[in-house]
Amino acid sequence: MTVDIDRANAEAVERMMEARPVLVGLGTARDVVPGMKDNMLLHAGPPITWERASGPMRGAIIGALIFEGLAKSPEEAEAMVKAGEIILEPCHEHQAVGPMAGVTSPSMAVYILENKTHGNVAFSNLNEGYGRVLRYGAYGEDVIERLRWMHDVMAPVLREAIEASGGIDIKTLIAEALHMGDEGHNRNKAGSLIFTKALAPHVAKAAPSSDVASDILRFLGDNALTVLNPVMAACKAMADAAHGVEGSTIVTAMARNGTDFGIRVSGLGDRWFTAPAEIPKGLYFSGFSAEDANPDIGDSTITETAGIGGFAMAAAPAIVTFVSGTPQDAINTTMEMYEITATEHKYFTIPYLDFRGTPTGIDVRKVVETGITPRVNTGIAHKEPGVGQIGAGLVRPPMKVFEEALLAFAEKYGF
Amino acid sequence: MSVIRAEIRPGAYYDSVVLMQLQRALVELPGVEDAGVVMGTEANKELLAQVDLLTPEVASAAADDLVIVVKAESEEAALQALSQVDELLKRRRSKSTQQFRPKTLESATKVLPEAQWVLISVPGRYAAGVAREALRLGRHVFLYSDNVALDDEIDLKKHAAEKGLLVMGPDCGTAIINGVGLGFANKVRRGPIGVVAAAGTGLQTVTSRIHQLGSGVSQAIGTGGRDLSEKVGARTTLAGLDVLARDPETQVIVIISKPPSPKVAEKVLRAARTAGKPVVVNFVGYTPTTPPVGNITYASTLDEAARQAVALAQALGEAPAVHWDTTPFAEGQRYLRGLYSGGTLAYEALLLLRDMLPQVYTNLHMDGVKELSNPMRSEKHTVVDLGEDVFTVGRLHPMMDNDLRIRRLRQEGEDPQVAVILMDVVLGYGAHPDPASELAPAVEEVLAQAEEAGRHLEVVVTVVGTEEDPQNLDAQLMAFDAAGAKVFTDHVAAVHYAGYLARMLDPDVGQKPIPLDAFHSPFAAINVGLESFAESLAAQGAQVVHVDWRPPAGGNERLMALLARMKK
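Residue numbers (our numbering), protein chains in the order written: chain A, 1 to 415; chain B, 416 to 983.
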């Protein structure tokens, strides 16, 4: 066999690290997302059917169809999907990502991230904040109203503001946020403030009135997850740059649809390797327990795929207690991820580890060999649609997806 | 009937995670049914309302207020719980915060990059895989594990030889490297005696006895019990012998083994003869068929081996240390050329070199040495007697006429594959009145031309004579030394020096020289397997990282085999 896996992996992670995703604009999904159709909804994770979809995923689909005006009621929305009138496809298959249910409909505004090094583009929807939100499957009037406001009022201003800013380098933002206690997945407090600060002067100018400017800035500033979506799209742009390297065993996507956990591998084309998603372990909001939790959901695992999130836990000791941990556990988590990654990030560094680069580029071989699966920080969704987030914690992908990817790799490359 | 009690603390900020933990701790208190600890934002109050924890008091809390709500089976339980909030907030986790332990060899090498050794004591079926990984990472191996397949042992040792690494074992119980005991080892004084042993307790006995007799040990290398079998072919023993032969701290070598096969014994003894140092051999219960010659002494017991080694070391006193440095040589330089004027000296050189080097050519006749097809042209490693008839037709013997040797010296010097040139200079009545006056400038010129061509040459000259000879030994030595040659008066030492240089440079030897640095830098190791080995290394002041090892791929044979193939 001629394929040199180590060399292929070195190339893949080099591309991942050298990618420079910049937020260059905001568009409407139907206009900018490749392959988007008027009767199509994008969703998180590997492909899913309505029949197999979990509560929050179904709720988000219903909400999106109501938001689009395609359905008047949840029943009508469900009937449309069941009748096959609506196409469901993974965000990942359209250069996009979305947190939790990740449902992105044609009229929704999306961030446009351009990788200035390699030229590829990635998209993500906008973050709605906390509480009852579409991404957790809520579709009540309040949810739809917020989406409308985001679409009608905020998006035009944000678009102008982003364009006026000349683009926001999200890679630099991530590097900076890691030095401010974020890990880029569960904790985005610092990053969201940097992001809001960068946009604020332009929002003030672009907004039709100071009231609107105030509303938008409060919306962005109150939400410590504001930057999560552009960060995810940036990670997607970096991971996509590493995808398609012949002979590489580097994971270029990890994503969950609330039913299955799926991964893609650089050297294995667009094939998904899936297995049932697990229930995250973590802390629950009052009144909720693991019994209420939906299996793992969302595209936000793209952060770990790109070397931040759970992999950069040592940078974010403030949130280790999510899993009853200590700061030492945060360090141990990052140290453990070095065991399964191909390299240390050149640009994302961790002050406490003497500015060592974050563990970057999950190597399927190393996961299978060590039995260590990637550590993922995540929010926990209620299993019923419409309830929303009920906790946060950590989860690991099922080992089976890595074993199957390894076997498929061996078959493709003749090992 | 449950009661709900709340406490509002204005302006008290806590990270949400701290709050969630406090909430969990409150729920665990006796009599508490549910609890909510949040900052009083609208979203949080909504959440509390959903689970019926929103009291009017709580509803009036502001976003900067800390809200603590407890639902309990009695008023008393609720208040009791609320009274513990401060204590719970202050409670520090006493859970031990253990340092990270690497899970794989590779990450351990990043934690302790200076570690040149890997100790392996995992179950036999996994041991070869770990050893292979250690070699891949460029580390020497101490393989304590037993039940390693013979084919794996051979493969590991072949692979190690190609990379200039040492594999001690499998089933190697003990070794002493740079004063640090590995596995089962005694605390033994440092000293001039190096040991290679295929027998664990044999090694412990001999090293202990050496210590008791007042001497000490430089290095003690274990090989594993099967090393001297015909199939393994004494690879580790020979590699260890090579290390000790080159080690300037080792003055006497002891070889201990259970009886090897005669064929392997012969191979080891041949190598021992070329060690350039006294070697005491104890093949327990085996009488070698070849008589003890030269530097070899046979001992019949372990105790006798120790006694002889100590006596030899004491008799030697402070022997001058020889250093070999292969770094200045260019790629492709590998051969030795001996240009002799004296037939006996050429013969003696051949006797030593044929056991040190593969493919030695000559114009003399000797078993195990190939004859040159054309005496005017050297091949691979060559020793020529220039006093042979073919060279002296119509000219004087090279002891009187230097012209032939100078021309051959230039010829060899121009060969890009030549690394070292070995010459004798015989003084005395009847010989050339001042050989150095002609040969030394030629040596200087050849050395300079090689440097110019980007190569490095060594010219090794043995001068035979006395200071009372007409040519004066000292003056001749000084002249050659000034010309850049390495000068010797002991011919065996000269051949040994030149032979080892070529041996280290010639890839056909099959054993890339193991750098002595591994034996002389402060001992640092990675331990995979028995934790007690790591503890005893640490107790000896050595740096060690213990790997939190698990069977690869959860012990799944199919995946393990696949991973092994994908790593090559």
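Take the hints with a grain of salt, since some may be wrong.
[Unchecked claim] Restricting the straight-line Cα-Cα distance to at most 16 angstroms, the calculated cross-link-like pairs of lysine to aspartate or glutamate (EDC-like) are: (1) Lys901(B) with Asp963(B); (2) Lys982(B) with Asp222(A); (3) Lys525(B) with Asp4(A); (4) Lys205(A) with Asp215(A); (5) Lys525(B) with Asp354(A); (6) Lys982(B) with Asp354(A); (7) Lys525(B) with Glu972(B).
Simulated from the structure, these hints should not be mistaken for laboratory data.
Comparing the hints with the structure gives:
1. Lys901(B) with Asp963(B): Given pair Lys901(B), Asp963(B) is violated - Cα atoms ~51 angstroms apart, limit 16 angstroms.
2. Lys982(B) with Asp222(A): 49 angstroms, violated
3. Lys525(B) with Asp4(A): Not OK: Lys525(B) and Asp4(A) at ~23 angstroms, beyond 16 angstroms, violated.
4. Lys205(A) with Asp215(A): Roughly 14 angstroms separates the two Cα atoms, so the pair holds.
5. Lys525(B) with Asp354(A): Distance ~14 angstroms between Lys525(B) and Asp354(A) Cα, so the pair holds.
6. Lys982(B) with Asp354(A): 30 angstroms, violated
7. Lys525(B) with Glu972(B): The hint is violated at about 28 angstroms.
Taken one by one, the earlier hints fail for this structure at numbers 1, 2, 3, 6 and 7, listed in ascending order.
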